[in-house]
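Engineer: So the chains spell out like this:
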Amino acid sequence: MTFSDMMNIGLMQGFAGLSLFSVLLLMGLGLAIIFGQMGVINMAHGEFMTIGAYTIFAISHLTESFAPNLMGAYFPFAIAVAFVVAFVVGWGVEWAFIRHLYKRPLDTLLATWGLSLGMQQIFRSTFGPKEVSPTLPDWLMGSWAPAEGLDIPLNGLFVMALSVFVTCGVLIALYKSRWGLRVRATVANRTMANATGINTKRTDRLTFAIGCGIAGVAGAAFTTIGSTGPTSGSLYIVDAFLVVTFGGAASLLGTVVSAFGIAQTQSVTEFFMSGSNAKVLTLSAIVVILMLRPQGLFASKVRR
Amino acid sequence: MSRDHVPSPKSQQRRRLLQGAAALSMSGVAGLALAQQFPTAKVNTTKLAVTDTEVVVGQLHSATGTMAISETGSIQAEQLAIDQINAMGGVLGRKIRVIKEDGASDWPTFAEKSKKLLVNDRVAAVFGCWTSASRKAVLPIFEKENGMLYYPTFYEGLEQSKNVIYTGQEATQQILWGLDWASKEKKAKTYFLVGSDYIWPRTSMKIGRKHIENVLKTKVVGEEYYPLGHTNFNSLINKIKVAKPDVIFAAVVGGSNVAFYKQLKAAGVTADKQFLLTISVTEDEVLGIGGENMAGFYSSMKYFQSLDNANNKKFVEAFKAKYGKDAVIGDVTQAGYLGPWLWKAAVEKAGSFDVDKIAAASAGIELKTAPEGYVKVHENHHLWSKTRIGQAQKDGQFKVVAESPELIQPDPFPKGYQ
Numbered sequence: 001m002t003f004s005d006m007m008n009i010g011l012m013q014g015f016a017g018l019s020l021f022s023v024l025l026l027m028g029l030g031l032a033i034i035f036g037q038m039g040v041i042n043m044a045h046g047e048f049m050t051i052g053a054y055t056i057f058a059i060s061h062l063t064e065s066f067a068p069n070l071m072g073a074y075f076p077f078a079i080a081v082a083f084v085v086a087f088v089v090g091w092g093v094e095w096a097f098i099r100h101l102y103k104r105p106l107d108t109l110l111a112t113w114g115l116s117l118g119m120q121q122i123f124r125s126t127f128g129p130k131e132v133s134p135t136l137p138d139w140l141m142g143s144w145a146p147a148e149g150l151d152i153p154l155n156g157l158f159v160m161a162l163s164v165f166v167t168c169g170v171l172i173a174l175y176k177s178r179w180g181l182r183v184r185a186t187v188a189n190r191t192m193a194n195a196t197g198i199n200t201k202r203t204d205r206l207t208f209a210i211g212c213g214i215a216g217v218a219g220a221a222f223t224t225i226g227s228t229g230p231t232s233g234s235l236y237i238v239d240a241f242l243v244v245t246f247g248g249a250a251s252l253l254g255t256v257v258s259a260f261g262i263a264q265t266q267s268v269t270e271f272f273m274s275g276s277n278a279k280v281l282t283l284s285a286i287v288v289i290l291m292l293r294p295q296g297l298f299a300s301k302v303r304r
Numbered sequence: 001m002s003r004d005h006v007p008s009p010k011s012q013q014r015r016r017l018l019q020g021a022a023a024l025s026m027s028g029v030a031g032l033a034l035a036q037q038f039p040t041a042k043v044n045t046t047k048l049a050v051t052d053t054e055v056v057v058g059q060l061h062s063a064t065g066t067m068a069i070s071e072t073g074s075i076q077a078e079q080l081a082i083d084q085i086n087a088m089g090g091v092l093g094r095k096i097r098v099i100k101e102d103g104a105s106d107w108p109t110f111a112e113k114s115k116k117l118l119v120n121d122r123v124a125a126v127f128g129c130w131t132s133a134s135r136k137a138v139l140p141i142f143e144k145e146n147g148m149l150y151y152p153t154f155y156e157g158l159e160q161s162k163n164v165i166y167t168g169q170e171a172t173q174q175i176l177w178g179l180d181w182a183s184k185e186k187k188a189k190t191y192f193l194v195g196s197d198y199i200w201p202r203t204s205m206k207i208g209r210k211h212i213e214n215v216l217k218t219k220v221v222g223e224e225y226y227p228l229g230h231t232n233f234n235s236l237i238n239k240i241k242v243a244k245p246d247v248i249f250a251a252v253v254g255g256s257n258v259a260f261y262k263q264l265k266a267a268g269v270t271a272d273k274q275f276l277l278t279i280s281v282t283e284d285e286v287l288g289i290g291g292e293n294m295a296g297f298y299s300s301m302k303y304f305q306s307l308d309n310a311n312n313k314k315f316v317e318a319f320k321a322k323y324g325k326d327a328v329i330g331d332v333t334q335a336g337y338l339g340p341w342l343w344k345a346a347v348e349k350a351g352s353f354d355v356d357k358i359a360a361a362s363a364g365i366e367l368k369t370a371p372e373g374y375v376k377v378h379e380n381h382h383l384w385s386k387t388r389i390g391q392a393q394k395d396g397q398f399k400v401v402a403e404s405p406e407l408i409q410p411d412p413f414p415k416g417y418q
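Here the protein sequences line up with chains A and B, keeping their order. Each step along the first sequence adds one to the number in the working numbering, with nothing skipped, and position 179 is 179. Each step along the second sequence adds one to the number in the working numbering, with nothing skipped, and position 276 is 276.
It is possible that some hints are incorrect.
Stated by the list, open to error - Lysine-lysine pairs mimicking PhoX-like chemistry, simulated, CA-CA at most 25 Å apart: (1) Lys415(B) to Lys210(B); (2) Lys206(B) to Lys279(A); (3) Lys368(B) to Lys320(B); (4) Lys130(A) to Lys394(B); (5) Lys357(B) to Lys115(B); (6) Lys273(B) to Lys219(B); (7) Lys130(A) to Lys322(B); (8) Lys219(B) to Lys186(B); (9) Lys320(B) to Lys130(A); (10) Lys322(B) to Lys186(B); (11) Lys399(B) to Lys130(A); (12) Lys95(B) to Lys47(B); (13) Lys47(B) to Lys116(B); (14) Lys115(B) to Lys100(B); (15) Lys187(B) to Lys386(B); (16) Lys189(B) to Lys273(B); (17) Lys47(B) to Lys115(B); (18) Lys244(B) to Lys187(B); (19) Lys162(B) to Lys386(B); (20) Lys130(A) to Lys325(B); (21) Lys130(A) to Lys100(B).
Claimed, not checked - Per the computed footprint, the stretches of chain B lying under chain A, defined by three or more beta-carbons under 8 Å from a beta-carbon of chain A, are: (22) 47-61; (23) 257-268.
Rather than coming from a laboratory, the hints here were simulated on the basis of the structure. Note that the structure is a prediction, hence the values are computed from the model and not measured. Quick reminder that beta carbons are idealized off the backbone N, C-alpha and C, glycines included.
Please put together the full structure from these sequences, using the hints given.
Structural biologist: Here you go:
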């Protein structure tokens, strides 16, 4: 193997790690907001991702049948719709279920788990049990080859850009906007926030819905990488919880760092050992670190 | 229905009238004559759910859970075969009634439901199971209660039972001929093996590796397994790029397939640069993967929807008429379709519904109407069948580019490959 070959593999391998990082970050972000800021253990998070993925599938299908010449352009638009659909469903779910359970955080686990099973059945009845995949625009499938033997996957680049965009959006919203101020106040001290005139109920609903909307965007992004089925959500949820728990529940920075750490460990070990062993090694490392730091990498200092 | 139930003359008369009035009156009358020729007391000595007019069979698949994706096709094809057999007058003049049970992708549930079908319902045969795990879970029950199972999936082999007819291929049939073909076609010297991490891919790869090293005298330059449901194959793809194999030999299953082929394409590993042979992608999976991501790669199977013969044309037409024009038919769906027909042939040859007699009569049964062409049951209860190589097309179908000239003998316990 020549030196330039090694360089190329090194670059592509680095890119593989980064693209896994952005995938994990997108998965964890919505969950981190809901879990971290509201203390709600949302087991249906994966299903909100699936909603996003099915939205892309449905729109791709509609575009193909009614406006085939728009196939090249529909994808960004569809992602926005995926956010809105998941947001609206999240809003409704908060209103119907979650708001009654804030004083019983462990019950949110059961309620949202039940919800996730119900949603899976709805997906199955609506879209059928088989896995589906939207037709993606050509510009998204393929590789960018700046040099001979160096292929950078375009879908990876796209997911990466999307996750940077969403993460920055969330950070700005949380630290620069009025909603963010209310959220942080509510998390810090709910009673006091109420006393200062913040409508904490509405803040909760909005937070939950935004978290779900981000899950929808994540699901939409995954259609460029994997398939969508009624039970896809249960595949996503494990990784999402892993990222959030490892990072420290209430810290967005923790989510970013943990997604990066997990992705790089996984990706590097995967290159030097078999895929299954790499997964085992990554999980063991997480377990050991969590034993040393039970609150996760970035324990939040929250007054409860 | 009670197994000792003897219809009163009156109800028999009514049934005869109804059957006479039915649209399929001709076959109904013929069926009745046939039923009288084979009195229930003669054809059913083991108290199965067989009456003068009806025989009950079971269907045991996952209609829910993670395997529903794969098993739906088999469920549909078995139902289609049973409908067609009924329209022709049934088996020994008796209409087939199906009791459907849902294994729910859960192996203990499969075991429990198979017991229910055999002990409570006394079904004459069961069409079902898909994963090897579910088959292994029900096997002891079928052997103890002496039931008959028609199993449709291609699988790893290393099994044989008097109580099971395996209508899919076992590992050596699917793999050896495919590898021989790849070796000749591509003049391949190096192979990269990749699969999902459970028994079927591992056993298949073990057989594949032995064949590559000992028979073809070529080299395996990489062997990798990823957990079920894994969706990130970028590191693997880089490893493949380092190893530069002549052939990627793949047994990645389920949803992972979609991620695998989408990422291969995104990393520039396309059919014009890389030769890939898979044993786990049928038309069903291509639906999810997307034809444009799979186009040009090869799959080794015994059946493809595009097979050009009269039997298959009829089968595809009937399947689409029943399940919609967008329905696709994969290898296992076709193997599911064979089950009821092979059972019917065995019952007719034995002149009895008794499981022991059917098991004994099964060896040597031929099916000239099989969509895959022609099959024959071996003494080891697997099928003699041809193996074909299909090249994936953009529209999600496969173009058959090679076919074994003869039927390949099933060999579930291959010597030198274990």
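Engineer: Each hint should be assessed against the structure and marked as holding or not.
Structural biologist: Verification of the supplied hints:
For a cut-off of 25 Å, the pair hint linking lysine 415(B) to lysine 210(B) stands: about 11 Å separates their Cα positions. Restraint check: the Cα-Cα separation between lysine 206(B) and lysine 279(A) comes to about 22 Å, which is no more than 25 Å; the hinted pair holds. For the proposed pair lysine 368(B) and lysine 320(B), the alpha carbon gap of about 22 Å is at most 25 Å, so the pair holds. The suggested pairing of lysine 130(A) with lysine 394(B) holds, with an alpha-carbon distance near 20 Å, which does not exceed 25 Å.
The suggested pairing of lysine 357(B) with lysine 115(B) holds, with an alpha-carbon distance near 21 Å, which does not exceed 25 Å. Restraint check: the Cα-Cα separation between lysine 273(B) and lysine 219(B) comes to about 20 Å, which is no more than 25 Å; the hinted pair holds. Of the supplied pair hints, the one linking lysine 130(A) and lysine 322(B) holds, its CA atoms being roughly 18 Å apart against a limit of 25 Å. Distance restraint check for lysine 219(B) and lysine 186(B): the Cα-Cα separation of roughly 14 Å lies within the 25 Å cut-off, and the hinted pair is therefore satisfied.
The hinted pair formed by lysine 320(B) and lysine 130(A) meets the criterion: a straight-line CA distance of about 17 Å does not exceed 25 Å. The suggested pairing of lysine 322(B) with lysine 186(B) is violated, with an alpha-carbon distance near 41 Å, which exceeds 25 Å. Between lysine 399(B) and lysine 130(A) the alpha-carbon distance is near 23 Å, which keeps this suggested pair within the 25 Å criterion. A hinted pair counts as satisfied when its Cα atoms are at most 25 Å apart, and lysine 95(B) with lysine 47(B) qualifies at roughly 17 Å.
Distance hint between lysine 47(B) and lysine 116(B) is fulfilled; the C-alpha atoms sit about 15 Å from each other, no more than 25 Å. For a cut-off of 25 Å, the pair hint linking lysine 115(B) to lysine 100(B) stands: about 13 Å separates their Cα positions. In summary, the hint linking lysine 187(B) to lysine 386(B) is supported, as the alpha carbons are separated by about 23 Å, within the 25 Å threshold. With a C-alpha separation of about 16 Å, the suggested pair lysine 189(B) and lysine 273(B) falls inside the 25 Å cut-off, and the hint holds.
In summary, the hint linking lysine 47(B) to lysine 115(B) is supported, as the alpha carbons are separated by about 16 Å, within the 25 Å threshold. Annotation: proposed proximity of lysine 244(B) to lysine 187(B) holds, straight-line Cα distance about 15 Å (limit 25 Å). Between lysine 162(B) and lysine 386(B) the alpha-carbon distance is near 23 Å, which keeps this suggested pair within the 25 Å criterion. This hinted pair checks out: lysine 130(A) and lysine 325(B) have alpha carbons roughly 16 Å apart, not beyond 25 Å.
Among the hinted pairs, lysine 130(A) with lysine 100(B) is consistent with the structure: their alpha-carbon atoms are about 20 Å apart, no more than 25 Å. Only residues whose C-beta sits within less than 8 Å of a C-beta in chain A count toward coverage, and the region 47-61 of chain B has 0 of them, not enough to reach three; the restraint is violated. A count of 9 residues in the region 257-268 of chain B with a Cβ less than 8 Å from any Cβ of chain A is obtained; the coverage claim is therefore met, three being the minimum.
In summary, the numbered hints that this structure violates are 10, 22.
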